[in-house]
Amino acid sequence: MNTLEGRLRSARHQGRKLLAPYVTGGISDDWTRYLAAYQDAGADAVEIGLPFSDPMLDGGTIQEASDRALARGASADRILAELAEVDLTVPRVVMTYTNLVVRQGVETFCGKLRDAGVSGLIVPDLPLGESGELEGAAAASGVDLVLLAAPSTSPERLREIGERSRGFVYAVSLMGTTGERDQLAESGLALARALKAVTDRPVLLGFGVSRPAHAVQACRTGDGVVVASALMRRVIDGAGPAEVGADVDAMRTELDRSADEPTGSP
Amino acid sequence: MDTSLVGDSHGGIVAAAGMREPSDTGRFGDYGGQFVPESLVPACVALDREFRQAWADPRFRQQLERLLAVYAGRPTALTPAWRLSAELGITLLLKREDLAHTGSHKINNVLGQALLARRMGKTRLIAETGAGQHGVATATAAALLGMSATVFMGERDIERQALNVFRMGMLGAEVVPVGSGSRTLKDACNEAMRHWVGAVDEAHYCIGSVMGPHPYPWMVREFQRVIGDEARAQCAAELTAGTPDFVVACVGGGSNAAGTFAGFVDTPARLIGVEAEGGAAMTFGANGVLHGYRSKFLQDEHGQVREAHSISAGLDYPGVGPEHAHLGDLGRARYVTVSDEEVLDAVNRLCRAEGIFCALESAHALAWVLRAAGSAELPTGSTVMLTLSGRGDKDMPALMEAS
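Chains C and X are the protein sequences, given in the same order. 174 is the number of the first residue of the first sequence in my numbering; add one for each residue after it. 9 is the number of the first residue of the second sequence in my numbering; add one for each residue after it.
It should be emphasised that the hints constitute simulated quantities derived from the structure, not laboratory data. A portion of the hints provided could be inaccurate.
As the list claims (entries may be wrong) - Facing chain C, according to a computed beta carbon distance under 7 Å, are these residues of chain X, among others: (1) Gly41; (2) Phe43; (3) Arg202; (4) Val297; (5) Leu298; (6) His310; (7) Gln312.
What the hints assert, rightly or not - With a cut-off of at most 25 Å between alpha-carbon atoms, the simulated SDA-like pairs for lysine to any residue come out as follows: (8) C:Lys285 - X:Asn295; (9) C:Lys369 - C:Ser383; (10) C:Lys285 - X:Pro50; (11) C:Lys369 - C:Gly188; (12) C:Lys285 - C:Arg337; (13) C:Lys369 - X:Pro50; (14) C:Lys285 - C:Ala254; (15) C:Lys285 - X:Gln312; (16) C:Lys369 - C:Glu434; (17) C:Lys369 - C:Glu329; (18) C:Lys285 - X:Asp308; (19) C:Lys369 - C:Ala432; (20) C:Lys285 - C:Leu243; (21) C:Lys369 - C:Gln356; (22) C:Lys369 - C:Ser304; (23) C:Lys285 - X:His310; (24) C:Lys285 - X:Arg164; (25) C:Lys285 - X:Arg314; (26) C:Lys369 - C:Arg182; (27) C:Lys369 - C:Glu336; (28) C:Lys285 - C:Ala244; (29) C:Lys369 - C:Arg354.
Claimed, not checked - Beta-carbon label-pair distances, calculated as ranges: (30) C:Arg245 - X:Val78: 55 to 61 Å; (31) C:Glu359 - X:Glu163: 31 to 37 Å; (32) X:Gly389 - C:Thr281: 46 to 52 Å; (33) C:Asp429 - X:Glu182: 43 to 49 Å; (34) X:Val184 - C:Glu359: 25 to 31 Å; (35) X:Gly154 - C:Gly305: 39 to 45 Å; (36) C:Thr262 - X:Arg342: 53 to 59 Å; (37) X:Val53 - C:Asp410: 39 to 45 Å; (38) C:Ala370 - X:Arg69: 53 to 59 Å; (39) X:Val184 - C:Arg332: 55 to 61 Å; (40) X:Gly177 - C:Gly188: 57 to 63 Å.
Heads up, the beta-carbon is just placed ideally off N, CA and C, and yes, glycines get one too.
Let the sequences and hints guide you as you build the complete structure.
As structure tokens, this is what we get:
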């Protein structure tokens with residue numbers, strides 16, 4: 174299975190904890206080199222943000238990254254064209270907001286994702302009740318539409334999200350926006366546990382996963398993590414692909430170490 | 009007029025045909041919906057349920073009606089604009105929302121939402137504001153009901169509307185400056201939404217216009233329909249024909265227009281929404297999704313939202329309420345634009361001719377009437393009911409600068 178979900182399931186089957194680092198497309202001339210660095214550091218998938226002028230669910234770091242990319246002339250089309258030129262073996266997952274999708278039309282947009290070698294899509298302002306049309310268009314283009322679950326989601330909705338999500342289920346760890354945090358939220362661990370009880374799909378935690386220790390902690394209940402703001406803070410502050418790749422490498426190392434530990438350890 | 013739009017009598021939850029209750033998915037035609045992060049879905053669903061219950065509860069309605077009467081000063085007057093009418097060759101009636109407590113129609117919606125929030129056990133109100141009128145109204149309702157208020161306002165608007173910022177502080181609200189994006193109303197909405205995600209248990213997001221995720225566009229219109237319902241009864245007493253030929257209101261997000269139109273949608277009156285030239289989503293926008301709803305938005309070909317530019321901070325918004333987009337598609341309402349210069353001229357003429365100093369926002373509606381009167385668009389002899397949404401005190405610094 175060469176789908177996003179197939180790849181993630183097979184990595185999980187091998188006992189791997191899943192790591193999906195993020196970069197905002199178009200943040201710099203060499204932004205695709207971050208993707209290569211993430212892959213070299215052992216990412217199981219790479220996430221590419223298509224910047225939007227009004228990112229409602231993002232905190233200051235991703236807002237700043239988005240503004241910066243847009244000021245440099247970034248657009249969905251340009252980012253996807255650059256992405257199509259990149260040689261990567263790990264799955265590519267795009268994250269963006271609904272307006273960028275509907276502006277082009279859902280079918281056109283999904284077709285462009287496919288042409289850029291993208292196998293997954295995350296749209297944080299498109300909840301279950303609104304996602305039907307995009308689910309169909311994404312499936313027709315061979316793109317897995319990843320649905321999000323939050324700490325406030327009811328058990329019935331969690332089950333439906335587990336059923337309808339493709340690729341993985343994105344567990345939003347806290348009631349808040351993206352951004353670096355000192356601690357991993359308890360609510361995220363509880364959510365991951367609840368999701369694992371109702372779905373066999375990989376469950377990845379995101380929002381506030383900022384340090385290797387957070388990733389390890391998240392993977393005790395979930396199958397993996399999405400790491401975005403902590404990396405983008407470094408990119409904004411001037412860290413190049415090798416340096417940010419080293420951060421991802423540190424997370425990978427800790428995750429692998431924890432996976433080797435016998436189960437039941439703290 | 010399209011006869012399919014003539015419906016049953018208005019009032020209550022069964023709105024007049026053409027401005028009905030939205031569909032189960034919160035749609036007015038193709039527009040509306042609930043495009044919010046999953047984190048906020050339960051809050052929106054609960055709000056929909058609570059609003060339906062409250063709006064069907066006679067005690068809640070009585071409580072709100074009483075507050076509107078003894079606190080907000082309703083009904084507001086319908087004033088004939090005697091001298092302007094003579095000058096323009098029309099009969100112009102002004103629905104005086106500038107006379108409502110806090111100086112604009114915003115109080116109608118806020119009292120409704122604040123009572124609802126209290127009924128839901130919330131202790132805090134969150135609001136976004138552009139010109140500051142909605143922020144002031146929210147701060148006022150919070151003070152009245154013993155709640156706390158946090159108001160998000162773009163840094164640029166804070167500079168332009170210093171009086172209202174001070175006023176919110178006097179009323180005990182916390183004003184949070186928003187420095188992202190265009191630093192105006194759009195960004196204040198983003199920030200209020202982000203804040204709400206983290207405070208959803210104790211706080212109610214009191215949206216100031218007929219925008220946002222379902223049930224807001226519908227709920228805010230229902231809270232504002234008091235404008236249209238009163239004006240309709242007042243027109244019946246004032247006009248020989250009973251209803252006016254034209255009903256005119258300014259449109260940013262579109263709450264005073266929605267409330268006004270709701271009272272006249274089932275009459276033959278022609279409904280005119282007047283947008284700011286630099287913030288005219290109905291006129292220059294394309295379909296999109298922002299702030300939780302599908303509607304028309306100013307945006308580029310890539311889907312990036314464009315900044316609006318208007319002399320009035322309250323109309324400096326790149327979107328428009330979903331029901332307006334629907335009314336526009338149906339052809340039931342028509343949307344036009346006026347320039348900043350025409351607006352300044354309208355403020356001056358209303359001052360001199362009628363002794364009424366209206367807000368820059370409200371002056372948009374008048375600017376269209378001044379331009380169109382006597383033309384085929386607005387023939388001589390027509391009767392016009394115009395909602396004057398607010399008073400102009402807050403705009404004096406801007407006008408001093410412009411003069």
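>> So if I understand the rule, the pair passes when the alpha-carbon distance is 25 Å or less; does Lys369 of chain C with Glu336 of chain C pass?
In response: holds, 12 Å
> Are Arg202 of chain X and chain C close enough, Cβ to Cβ, to be under 7 Å, as the hint says?
Replying inline: Where the cut-off is 7 Å and the nearest Cβ of chain C is about 5 Å from Arg202 of chain X, the hint holds.
>> Given the hinted pair Lys285 of chain C and Asn295 of chain X, is their Cα-Cα distance within 25 Å?
In response: Answer holds: Lys285 of chain C to Asn295 of chain X is near 20 Å, not above 25 Å.
>> So if I understand the rule, the pair passes when the alpha-carbon distance is 25 Å or less; does Lys369 of chain C with Ser383 of chain C pass?
In response: holds, 22 Å
> Hey, Lys285 of chain C versus Gln312 of chain X, does the alpha-carbon distance stay inside 25 Å?
Replying inline: Since the Cα atoms of Lys285 of chain C and Gln312 of chain X sit roughly 18 Å apart, the hinted pair holds (cutoff 25 Å).
> Is the hinted pair Lys369 of chain C and Arg354 of chain C satisfied, with a Cα-Cα distance of at most 25 Å?
Replying inline: Measuring from Cα to Cα gives roughly 24 Å; hence the hint holds.
> Holds or violated: 43 to 49 Å for the Cβ distance of Asp429 of chain C and Glu182 of chain X?
Replying inline: Distance hint for Asp429 of chain C, Glu182 of chain X holds at roughly 47 Å.
> Does Lys285 of chain C pair with Leu243 of chain C here, judged by a C-alpha cut-off of 25 Å?
Replying inline: Holds, because 20 Å separates the two Cα atoms, which is no more than 25 Å.
> How does the Cβ-Cβ distance of Val184 of chain X and Glu359 of chain C compare with 25 to 31 Å: does it lie in that range?
Replying inline: holds, 27 Å
>> Holds or violated: the 55 to 61 Å window for the beta-carbon distance between Arg245 of chain C and Val78 of chain X?
In response: holds, 57 Å
> Does the Cβ distance between Gly154 of chain X and Gly305 of chain C fall inside 39 to 45 Å?
Replying inline: holds, 43 Å
> With a cut-off of 7 Å, does the beta carbon of Gln312 of chain X approach a beta carbon of chain C closely enough for the hint to hold?
Replying inline: holds, 4 Å
Going through the hint list in order, the structure does not satisfy hints 10, 24, 38 and 39.
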